[in-house]
Each structure stands twice: as structure tokens, then as C-alpha cells.
Amino acid sequence: GAVVSQHPSRVICKSGTSVKIECRSLDFQATTMFWYRQFPKQSLMLMATSNEGSKATYEQGVEKDKFLINHASLTLSTLTVTSAHPEDSSFYICSAPRGATREKLFFGSGTQLSVL
Amino acid sequence: ILNVEQSPQSLHVQEGDSTNFTCSFPSSNFYALHWYRWETAKSPEALFVMTLNGDEKKKGRISATLNTKEGYSYLYIKGSQPEDSATYLCAFNAGNNRKLIWGLGTSLAVNP
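As you go down the protein sequences, you meet chains A and B in turn.
Residue numbers for the first sequence follow this note's numbering, so the first one is 2 and each next one is one higher.
Residue numbers for the second sequence follow this note's numbering, so the first one is 4 and each next one is one higher.
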């Protein structure tokens, strides 16, 4: 089956630093990548949708200047949390569809970000 | 506001027991309903994508049904095994934009 590799799996950083999270599709071309965030005891919430070669689409309430998304190739999408603050501490996970709009998603394994 | 509800929140069963969980979603503007299985420290894994009212899908000992008119889907596990222990998530797709609204999941623990 399709595989999405996400790293790092865990990051601890100081407030004010930037953190980059990478997601790679290993055996298929991901023209679209969904970036989700999950706070404790809450459901997965879509942050943004990245599309290869074009600007990402951000969900309401998600600051595009804080969460920079780059999807420069068909196999790599990155999310950079800029000037991270403790309230950005969360679980971030990417997923990519493969095929038609009703196709299942293939997920990375997630990144647990802790900002001190 | 679109809301997806899953019940129960958690479940403990003995090996060999059969079990089922519920996913409730808005009955209007239905496009698709997804079920995923998420084991701790692993990636969520797709089980089913269901699109038609009355759909029934099966994968091994796991099956799912769909009622789009009343807005619910059931996931069944027959003869639960310890390796079935995971969180089972459902997600509702209201339109042709691939945006999914997720439930909180049902956490299943199967005791050997």
C-alpha cells in the first residue's frame, strides 16, 4: 500500500524558534497533502491543504504566516511552524489522497510538538 | 456547524467477543463516510470509504454499514483479537472537496 513518511516524530523546542515538519510520499505522487492538528481529547482538525506547485489553502482561523506550507515536489510537502509558542504545542499529522476524490487517505505517523 | 459523533468513547472486550460502534453524521449534503483504524504510535490506516445509502463493506472480520438518510454508520468486529486494539475513527465528507470532518474515535481494547 501507499506510504507517507513523516518526520520528525517528536520535537521539543524553545519558544520563538521555528520547526519544520516533512512529509514524503514514498511510492506515489501526492499532488495534494492535508495537514491536520490534534489537541488532547479533540478530533483531528484540518489546518491547510497543500497542492504541488501552487499556494496552500488555509482553513479559517489558521494563520498562513505562522504555518508555512511548501509543496515544491510531487513527493514532498513541508509545514513550518514559525516563532513557535507554547500554545502551538500539539500533534501534527499529514495525509495524502491517492486517486479520485472519494479515495481513502494515506497518513504519516505524526509529529508531537512541544514548545517550552 | 458540521459535527461527527462516535460512541462509545471507549470499549473493553474479551478476545473472541464481537463488538460494534456507531458514527453519527449530518444527513444532509452527504458525499462519503470514511472509517480508519489508528494503532498507538502508528499511522491511521483506512478501512472503508462508503458512499451509497445501504452500503455494506467487509474486510476480514471487520464490516461496516451506512445509512445516509438517518446519518449513521456502524462498524462491526467479529471475534475480536488483541491485535484489533486501536482507536477507530470515522470521518464525514460533505462535498467534493476532500475536506473531512472527524469524530473523536472509539478506543477499543481487546483483552486476551
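Since the hints were made in silico from the structure, they are not lab data.
A portion of the hints provided could be inaccurate.
[What the hints assert, rightly or not] Covered stretches of chain B (chain A as the covering partner; in silico rule of three or more C-beta atoms under 8 Å from a C-beta of chain A):
#1 41-47
#2 105-113
[Unchecked claim] Label pairs and their in silico Cβ distance ranges:
#3 A:Ala73 to B:Asn114: 42 to 52 Å
#4 A:Ser110 to B:Val16: 18 to 28 Å
#5 A:Glu64 to B:Arg64: 10 to 20 Å
In this text, a Cβ means the ideal position worked out from N, Cα and C, and glycines have one as well.
For each hint, the structure was consulted:
1. Counting residues of the stretch 41-47 of chain B whose CB lies closer than 8 Å to any CB of chain A gives 4, which reaches the minimum of 3, so the coverage claim holds.
2. For the stretch 105-113 of chain B, the stated coverage by chain A holds: 4 residues have a C-beta nearer than 8 Å to a C-beta of that chain, and at least 3 were required.
3. The given range of 42 to 52 Å is respected by alanine 73 of chain A and asparagine 114 of chain B, whose C-beta atoms sit roughly 47 Å from each other.
4. As the Cβ distance of serine 110 of chain A to valine 16 of chain B is approximately 26 Å, the hint placing it in 18 to 28 Å holds.
5. One distance hint, 10 to 20 Å for the beta-carbon pair glutamate 64 of chain A and arginine 64 of chain B, is violated here, with the actual separation near 44 Å.
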